[in-house]
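Undergrad: Chains as they are written, first to last, in this note's numbering: chain L, 955 to 1298; chain G, 332 to 669.
Note that these hints are calculated values from the structure, not bench results. Idealized CB from N, CA, C, for every residue including glycine. One should not assume that every hint holds.
Computed cross-link-like contacts, DSSO-like style, restricted to lysine-lysine with a CA-CA straight-line distance of at most 30 Å [to be verified]:
#	chain 1	residue 1	chain 2	residue 2
1	L	1176	G	448
2	G	545	G	522
3	L	1176	G	534
4	G	448	L	1175
5	L	1288	G	448
6	G	450	G	534
7	L	1176	G	599
8	L	1085	G	545
9	L	1288	G	545
10	G	450	L	1288
11	G	522	L	1163
12	L	1288	G	534
13	L	1085	G	599
14	L	1161	L	1175
15	L	1161	L	1288
Estimated spans, in silico, between C-beta atoms of each pair [as the list claims (entries may be wrong)]:
#	chain 1	residue 1	chain 2	residue 2	range
16	G	369	L	1184	32 to 38 Å
17	L	1281	G	504	41 to 47 Å
18	L	1221	G	665	34 to 40 Å
19	G	374	L	1112	32 to 38 Å
20	G	521	L	1210	45 to 51 Å
Letter by letter, the chains look like this.
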Amino acid sequence: MSDLEQNKTDLRSVSQTGFLKILNVAGIYGVVVLFILLGIFLQLLGVINNFMTASNMLNIVDAVSMLGIVALGMAFITYSGHFADLSAPTTMALTGIVAVQMLQFGFVAAIVSAFIVGTIIGLINAFAIGKLKVNPIIWTLALNYMTLGVIRVIWANKQIYPDMIASSEKAVELFDNIYRLRFFNKIALPMIMLIILVFLFHFVMSKSKFGIQLKITGAAKKSAEYSGINVERMIGAAFIISALTATLGGLTVTSLSRVGAWYNGAGYDFKAVTAIVIGGMTLAGGRGSIIGVLGGVLVIGLMNNLMTLLGVGTFSQDMIRGIIFIIVVGLNAKSLRNLGRDDA
Amino acid sequence: MRNKINKKQILSLGDRYRIYVLFVLVFVVMTLFAPHFFNAWNLTSIMKTVAMNGTVAIGFTIILIVGQLDLSIGTIITFAAVIGLGLKDAVGYGVSVPLAIIAGGLIGLINGLLVAKVKINSFIVTLGMLTALQGAIYTITGGNTIAVTDDQAFAISDWLQHQIVPMLTPRVIIAIVLVVSFSIFLRRTRKGRNFFMVGGNSKTAWLAGVDSDKYTIVAFVISGVMAAIGGILFAMESAAATLNLGTNSLMYVLSATIIGGTSMAGGKGGVFRSFIAVLTLTTLYNGIVLLGLGNEVQIFISGIILASVILYEAFVEYRHDKVVGQRPELLKELNTIQ
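Work out the full structure, taking the sequences as your base and the hints as a guide.
TA: Dropping the structure here:
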């Protein structure tokens, strides 16, 4: 190969890297902007109405706030290189149903007991996966199944309603308000929770000692172990955080549906993984950020909103979502590889 | 010293044949306690249930052996059933059934290419495929069960239900033939052994001249084809393709494969053991129903069994890791000096 040819190939690879680099830096927010531009474009064409309105934008965030809460916590697991917490759906269902059951002792008892149950599930995961090093996917799937069995055996396949169990009207009202409380008549409580969690978790993940140790654990577990990080505790903590946010999500979902039942929270496991991975966290661990995960959640919200406005059926939405998911993740993996930041 | 080795050998033998022991145990307990369990009619119905998930488990086991995961098997089952029965009126079973199986293979091929060539984690690829296929199934069918009602379809359905050998219907025989041939292929041929090598250590396999990518792709194709065969045959027997046909299969097959001793880490496992595990779980479920207990108890118990098997394996590994690199004989020497 002559020098000239050598030069040519170099140039081409540089320009290609340039594009991928933009993709990599702008990341998921590039996609967010893309979807918003698409929405504005379609609105200008007159295909859809009411996209660029304040209330629609609020709706978008409102619709994904619960998913966001669950995904933000689960992101710590992905960050630590342990894929995902597939026990999230039944954690949500169990904590929700326990809260409804405990409403007979008042609102505070309900919330406290839900969080106790959530913590116990987190601890079980932490022990099995942190200490015994079980494969996280099958373990959380098995635990999901087992918890489902527990709920259905204890409550005998029945649903329970807050207003039939609670000791006072006040408790029911408070419980209903977990989802329904609006600040300034517009901003819902789950949205506030989401925003607080984003700030808190962003700080924890990228600035705190715990976050940095977790990153090393996720990126190179052996190195982390040899440099004196208590790897077992790091992984355990990630699973406990995830269980706690699942509890928060479970309480909100139960408050929304006003019924405690075993099927509450179904589907949140895979939806959360989708958001996390679209948001730029790789399953290999140690890469990505909370802000990225928020972007992933927003993309899912925007996508759902746009498709609904366009009149795409629910089932076709699934199909499109699945395909976009694979494409975005594929591009992300490719960009990382081409930039030499991933050996996979 | 000698005694210790024996103990170890017994433990490892127990591990390997664990699933057979478990099966005999479940079978004996159900025979003793569950009413109407041990009779030809009930045993036939167990075998019929095993036929679908047993076939699907072949593909899933091979996927785990090469160290990947396929979450899309459940939807492939339904998809194949929908294609096979949906196109029957237009082209007849002669064309639609092969089409359904080819569709399963194609989905597997896409999965495999994305995993091996684009190098996206199989968890993500098959999760995306699961979502996309779920949407496709509902879009194609409009949410309705597909039923075929002409004489030919009923005749085939009747034939599939008739027992060629006592207790063995055609579907069961097909499943057993597939299990035995894949078992022999994996154990006795070089190509079959290569699957284990790829799963055990894909770099080493590559250095040894095994095209790991190719084996990964083939594994996904086999998984897709097996799921499609299981799904289409089941749908043909019941002459209807319901949209939740494969919903429970993922958990069922995954549990069975893990309980059967195939490792999620790759490089270890066996098709025949998975089949016996499917048989064990089905027998257990059947017995639970006969004992008059509900669906919830079935979910609860299978969750407990799966969790304890996983924990037991992890515990063995954990104890093994703790003593790796330790030299007990040197420690003993040190103690005697002091």
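Undergrad: Decide, hint by hint, whether the structure agrees.
TA: Do the hints match the structure? See the list:
{"no.": "1", "hint": "L:1176 with G:448", "result": "28 Å, holds"}
{"no.": "2", "hint": "G:545 with G:522", "result": "11 Å, holds"}
{"no.": "3", "hint": "L:1176 with G:534", "result": "19 Å, holds"}
{"no.": "4", "hint": "G:448 with L:1175", "result": "26 Å, holds"}
{"no.": "5", "hint": "L:1288 with G:448", "result": "11 Å, holds"}
{"no.": "6", "hint": "G:450 with G:534", "result": "14 Å, holds"}
{"no.": "7", "hint": "L:1176 with G:599", "result": "24 Å, holds"}
{"no.": "8", "hint": "L:1085 with G:545", "result": "36 Å, violated"}
{"no.": "9", "hint": "L:1288 with G:545", "result": "20 Å, holds"}
{"no.": "10", "hint": "G:450 with L:1288", "result": "8 Å, holds"}
{"no.": "11", "hint": "G:522 with L:1163", "result": "49 Å, violated"}
{"no.": "12", "hint": "L:1288 with G:534", "result": "20 Å, holds"}
{"no.": "13", "hint": "L:1085 with G:599", "result": "23 Å, holds"}
{"no.": "14", "hint": "L:1161 with L:1175", "result": "20 Å, holds"}
{"no.": "15", "hint": "L:1161 with L:1288", "result": "28 Å, holds"}
{"no.": "16", "hint": "G:369 with L:1184: 32 to 38 Å", "result": "54 Å, violated"}
{"no.": "17", "hint": "L:1281 with G:504: 41 to 47 Å", "result": "43 Å, holds"}
{"no.": "18", "hint": "L:1221 with G:665: 34 to 40 Å", "result": "58 Å, violated"}
{"no.": "19", "hint": "G:374 with L:1112: 32 to 38 Å", "result": "34 Å, holds"}
{"no.": "20", "hint": "G:521 with L:1210: 45 to 51 Å", "result": "57 Å, violated"}
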